[in-house]
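Enquirer: The residues making up each chain are set out below.
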Amino acid sequence: MARILLVEDNEMNRDMLSRRLSRRSFEVLIAEDGAKGIEMAREHLPDLILMDMSLPVTDGWEATRILKADEATRRIPVIALTAHAMRGDRQKALDAGCDDYDTKPVDLKRLLSKIDALLGDDGV
Amino acid sequence: MASDENTGGTPIGAIAIALALAVTAVAVSALLPSVLEARARSSLEREAVGMVAVAASVAAPAIANHDEDALARTVDGLALTPEVAYVVVRRGDTVAIARRPEAARDIGTASGVGARYEGGLLHVAAAIPGVTPLSTVQIGYSLHSLKAARRFDVALTALLAALLLLAAVAAGLRARKWTGPTFAEEHPPEDTTTKIFGGDEFIAYLSHELRTPLSAILGYAEMLQEDAVFLEQQDFIPDLKQIQRAGAHMLALVDDVVALQRVFSGTLDLEITTFEVADLLATVQADVAGLINRTLTTLEIDRAKDVRKMTADEPKLARALTNVIREAAGATGQGELTLTARREIEPAGRAWISFRIRHPQLEVAEHEITTMIRGFGEERTRALPKYHQTGLGLVISREFCRAQGGDLLVHAGGENGTVFELRVPQNAR
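Protein chains in written order, with my numbering: chain B, 1 to 124; chain S, 1 to 429.
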């Protein structure tokens, strides 16, 4: 069972996405801000991280940069999630080291295909 | 016209507003004392009950002996002890109090007291169960406090009335200014979004704020549909789908507004990548699947074999194609649409990818084409009432194509239907 760390500050979106992923047999870990996300990633070494970008304490870009600079966590794929429609957002996420990017509202089917692609055969 | 009124006397509208506000001020000042008095009364009663509870506990022997004189002396002579804790319970017009349960023994027989303000006096009643049904005492000093509270009320009311009158006068003055140039006249459209709202960033912020709750609406609606299947409650699914559709519609409108603002402010950015046209078409097919499923529309996609990779802004092309399909299908409610992708080489050697969306059941007259792809909102509704679409989709599609060096063209074929052509250079870099 693949373990996914969901870093998201919006309570409803967190609840909804974690429940839908759990139903698809993922083990879902939760963090409400970037700093907790880093802590959880280091402690639990999840198979994949879904990272909201606009986060309190440490934002998603910074959290990803920190995780990607850390030898222990750099191999964990990170999918950036953002509700921002700012210009160059995708590039900004990729520059921070995110492996893929998706916009909110999450289209679960599309997100699952991205998750599967990054988890590879050893995933689900 | 506006400036004439501005330099002339006070407009009638301004006088009316000032008068209305003045009347409101008088009405409020008439009503306010009773409201304030009720508040003062309630706090006084609370305070009095606190004080009398102490008195009652001490006065319990006097009450037990039915000695009214001794009782009055006891109450008057008591010092206030605010540090004593009470449980205060309001029951209608009276306030009942009791000391904390754990301290109940200390009170002796005085288990409860009540206070009521009436006729300018505070009536305090202490009930001693098993000894006396109810004894009433009057407390003089509370009256004094109430009088002070009243004076304060009057002062406050006067101040408030004065403030309201001032506001009325100010509003009257403002009303005179309103006859001058309007906000829109003072701020040309190109200035408004950029200078007043901070332009692109404001729109992006607004979009983010709207998207976050929309994410929740769409996500929960989808999740409940999964639940309905799991719990074998399929009856709920159609309603849940309606929520999801309405949410998706709103999301599309939010995206349209963002896109349009970018177009108008000239801040439309391209993210050019090289991608497979087949993937692009698959995205479009998935995006319009909902629409196709719920209308009597069909969509056939046909990609020529030599249409493989292209270098352009994939998300914007997908959006442009999706918009055109939605608008075309939405115009008739049904139809057998086809989407073809062809590669065309100019004599000069430049390669183009031409996406053609053919709608055989849609008749568009030549003279309607310009309005159809350029107009939106009211202008379009007036000119093309039969299409029932905002038209934002086509305007945006056209601009997305043009930003990549291409264009959106409409070929009106009369009874043979209409063809929308999105032409984009194979390499838009």
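Some clues are possibly wrong.
Said to hold, decoys possible - Distance condition first, Cα-Cα at most 16 Å in a straight line; then the derived EDC-like pairs of lysine to aspartate or glutamate:
#	chain 1	residue 1	chain 2	residue 2
1	B	Lys109	S	Asp287
2	B	Lys109	S	Asp269
3	B	Lys92	S	Asp287
4	B	Lys92	B	Asp102
Stated by the list, open to error - Which residues of chain B face chain S? A few of them, derived with a C-beta cut under 7 Å, are:
#	residue
5	Asn10
6	Met12
7	Arg14
8	Met16
9	Ser18
10	Lys104
11	Pro105
12	Ala117
Just so you know, these hints were derived from the structure itself, not from any lab.
Computed from a prediction, not measured in an experiment: that's the story for all the values here.
Yeah, the Cβ is synthetic: ideal placement off N, Cα and C, and Gly gets one too.
Enquirer: If you test the structure against every hint from before, which numbers come out violated?
Expert: Numbers 2, 3, 7, 9 and 12 - these are the hints that the structure violates, sorted from lowest upward.
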